[in-house]
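Generate coordinates for the entire structure from the input sequences, incorporating the hints supplied.
Heads up: the sequence lines are chains Y and L, in that order. Just so you know, the first sequence maps onto residues 1 to 429 in the numbering used here. Just so you know, the second sequence maps onto residues 1 to 429 in the numbering used here.
Possibly wrong hints are sitting among the right ones.
When chains are identical, the list treats them as one kind, so a pair holds in a single copy or across two.
Here are the simulated DSSO-like pairs of lysine-lysine, each with C-alpha atoms no more than 30 Å apart in a straight line [unchecked claim]:
hint, residue 1, residue 2
1, Lys113, Lys273
2, Lys273, Lys381
3, Lys273, Lys188
4, Lys113, Lys339
5, Lys381, Lys279
6, Lys99, Lys113
7, Lys99, Lys279
8, Lys339, Lys188
9, Lys256, Lys279
10, Lys339, Lys99
11, Lys256, Lys339
12, Lys188, Lys412
13, Lys381, Lys412
14, Lys339, Lys412
Just so you know, these hints were derived from the structure itself, not from any lab.
Listed here are the chains, written in short residue letters.
There are 2 protein chains.
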Amino acid sequence: MAAKNEIGVGLLGLGVIGGQVAAHFVQRSETLSSHLDRPLVLRRVLVRDADAPRSLSFPEGVLTNDFNAVLNDPDIHIVVEVMGGENPAADYLMQLLQKGKSVVTANKEVMAKHGPLLMEAADRSGAQLRFEASVGGGVPIIGPLQNDLLANDITSIRAIINGTTNYILTQMAQEGVGFSVALAQAQKLGYAEPDPTNDVDGTDAAYKIAILASLAFHTAIAQQQVYCEGITTLQSEDFEFAHELGYEIKLLAIAKRTEDGVQARVHPALVHKESMLAKVEGPFNAVEVYGDLVGPVVFHGLGAGPAPTTSAIIGDLLAVARSSANLSPARPWSVLPIKAMADLETQYYLRVSVTDQSGVLGQIARVFGDNNISIATLTQKDVDNHLGTAQLVITTHPAREAAMQTALQIIKQLPVLQEVNNLLRVEPI
Amino acid sequence: MAAKNEIGVGLLGLGVIGGQVAAHFVQRSETLSSHLDRPLVLRRVLVRDADAPRSLSFPEGVLTNDFNAVLNDPDIHIVVEVMGGENPAADYLMQLLQKGKSVVTANKEVMAKHGPLLMEAADRSGAQLRFEASVGGGVPIIGPLQNDLLANDITSIRAIINGTTNYILTQMAQEGVGFSVALAQAQKLGYAEPDPTNDVDGTDAAYKIAILASLAFHTAIAQQQVYCEGITTLQSEDFEFAHELGYEIKLLAIAKRTEDGVQARVHPALVHKESMLAKVEGPFNAVEVYGDLVGPVVFHGLGAGPAPTTSAIIGDLLAVARSSANLSPARPWSVLPIKAMADLETQYYLRVSVTDQSGVLGQIARVFGDNNISIATLTQKDVDNHLGTAQLVITTHPAREAAMQTALQIIKQLPVLQEVNNLLRVEPI
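What follows is the structure, encoded as structure tokens:
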């Protein structure tokens, strides 16, 4: 039996995501507990075969192939579902919620098909149902829609929420390759599954926009009600002509609230190259939410992968644990030293005005060398023949701020120097 | 005396933001209450002069110039502070929190200078302290750091969190104007205050990065500990040369967690033009958070203004009200009609292959005209002399999907038509 002061957790599924979630409990148990005033304990993990060999080891009795061992364990308060697929996950979640156990799920298919019913079941029993991981990987989007943006009437959502297709479209746009070549590249790099159907035909994006639209408009929208076109018919000529017209081509998931109803659709679209959505590249996702108060807000990040998904799941788990324990976060403040600016290491851009005479470049280069600062680029600009001055623009490789400031003081004393116009730092991408 | 089932709210300050928050209570009281099982009632508003004439009218006794009337009202559970400035706001908030009243504040100066102490006071008394509106206007960033991203070790934050300076820098970059011209434009359009000192010298951004860094690294970082350079020394040549080198210039607020401490700084920096931060234009803000699990996440939106700030304040207010009432959201689901795709109105891109002969353009244009579809651009591409075919790329003004599909069916029957290569929708910016 569990100690009274523990929060018991059940886990359904031990695939790639489940394994990472379970590992998080082992590797970061202290950090997890630091956010609460009592420990979170993984009590049961539902697997197909409890006796199969595994890289992670669990205490005796944790692994089980019997769902009822999770459902009926009175010391399990929160269940994390990462089995995937519609059945039996949907049925399991309904049983758990009806029994008052809170659920954290990454299951977009279940949420897109049964979300409103499950949310109602949770409301009735007082359990919580959280599903941040079902859309956009670790990028917070469900939380903001349910909480931070709640004051707004949301009028539209436009999203790039399938990393596989966005990777393929980025390759087609940038490399000029056709769909099948880009798909093969994506598969080779792990951005597309061996069977990519659900991604390239738009189904996965339709699941996700059904979830977002249901939340944003507080009305039940099922995936089957989302108009859906995939990206398989796009040809390299379409990208060429779209670029000429000033557009990129993206697979958009769009939901709009109008006076007479709700529109929900997934299809490739030309988006103006200056829009934020056009700038979402490779496996990244972005969700643009338009609220009547806040205007357009964009959430951008990696939309898939075990680590981002675990970030969302553990975030949800902590939120449920905190609110069911009715805790305010009581993590003690650490006292970290604030580093001196002199210790910064970064790249620099320096613009100086100098007397236009031979040997100037050498003098300045020597000062940099004496201070262990390596020059990356040097350009001479704007010779003013009348005044006999020239401007130099120098960028450096990473150097210490202290060294750069010392060099700058010495350069200021050089007889050939007329003015230090600007010293700026260069931030890596 | 308040009815037992009400949640009483106090408001400190009735300037532009306070006025909009108060108006929200009047104009959207039903929506507000729909998120809770009991009404939120504005019981007291602290103003300098309770008898001054105002456009908003309040019930007798709500306006007061006595802070103690708010502090000592046992029926006020949550206080919204929008007075601004360090004093007396910091003292008021401490007194309220010590008394167990939850606080929602938009005050970046107070949070940057006294945030950790106020948070500790809240933890001790069991009150809540929320301050989403203090950074990034209505863009959710405090909430995600405190909740959604909690599973991560945050290693860096890089942000454009001052809309005034970003507007000025965008003007300097795009129009080639100098600092003072760009500042005057910003003032004329309301993006800069008559006294812009706190914005252009970086102080405002330093407040905000101190708040974000304290939360992300859970260590107290005061604004005075943030290294700070403003934008006043930038010249148009710097933008010119930065562009030649492949960079934009942005005022960045940066906080990093390293093995031996924390770095916090605000200064203009060259950022690679392909980075997300380089693409943040005009009055927009963006915060990039790097977490070890989630990778880079970017939050982008309008960083200031009464409506976005009200969005953040009301969002925080609802969160406090929900959790202090220990409610799960019980808002009933609406049942909105899902609109048919045929009713969509959008722009289109059509690519067709046709026989290269005279009159083809006219035939196709006539079909569009007959269906009330107005052509925006028409380009003839890739004449294949051997096959005698040409490709046409047509974009339209907004038209109904049903009309477009009808037109497409008719075009498919034209003897000159060889193939419909693709029909795509064009999304407005």
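These are the hints, each one checked on the structure:
1. Lys113 x Lys273: neither (34 Å within a copy, 41 Å between copies)
2. Lys273 x Lys381: Close across copies (22 Å), not inside one copy (32 Å); limit 30 Å.
3. Lys273 x Lys188: both (28 Å within a copy, 29 Å between copies)
4. Lys113 x Lys339: between (51 Å within a copy, 18 Å between copies)
5. Lys381 x Lys279: between (32 Å within a copy, 27 Å between copies)
6. Lys99 x Lys113: within (21 Å within a copy, 47 Å between copies)
7. Lys99 x Lys279: neither (45 Å within a copy, 49 Å between copies)
8. Lys339 x Lys188: neither (43 Å within a copy, 39 Å between copies)
9. Lys256 x Lys279: both (22 Å within a copy, 26 Å between copies)
10. Lys339 x Lys99: neither (51 Å within a copy, 36 Å between copies)
11. Lys256 x Lys339: between (48 Å within a copy, 10 Å between copies)
12. Lys188 x Lys412: This pair counts as neither: shortest intra-copy Cα distance 54 Å, inter-copy 38 Å.
13. Lys381 x Lys412: within (19 Å within a copy, 59 Å between copies)
14. Lys339 x Lys412: For Lys339 and Lys412, the Cα distance is within 30 Å only inside one copy (27 Å; across copies 69 Å).
The structure is inconsistent with the numbered hints 1, 7, 8, 10, 12, although it conforms to all the rest.
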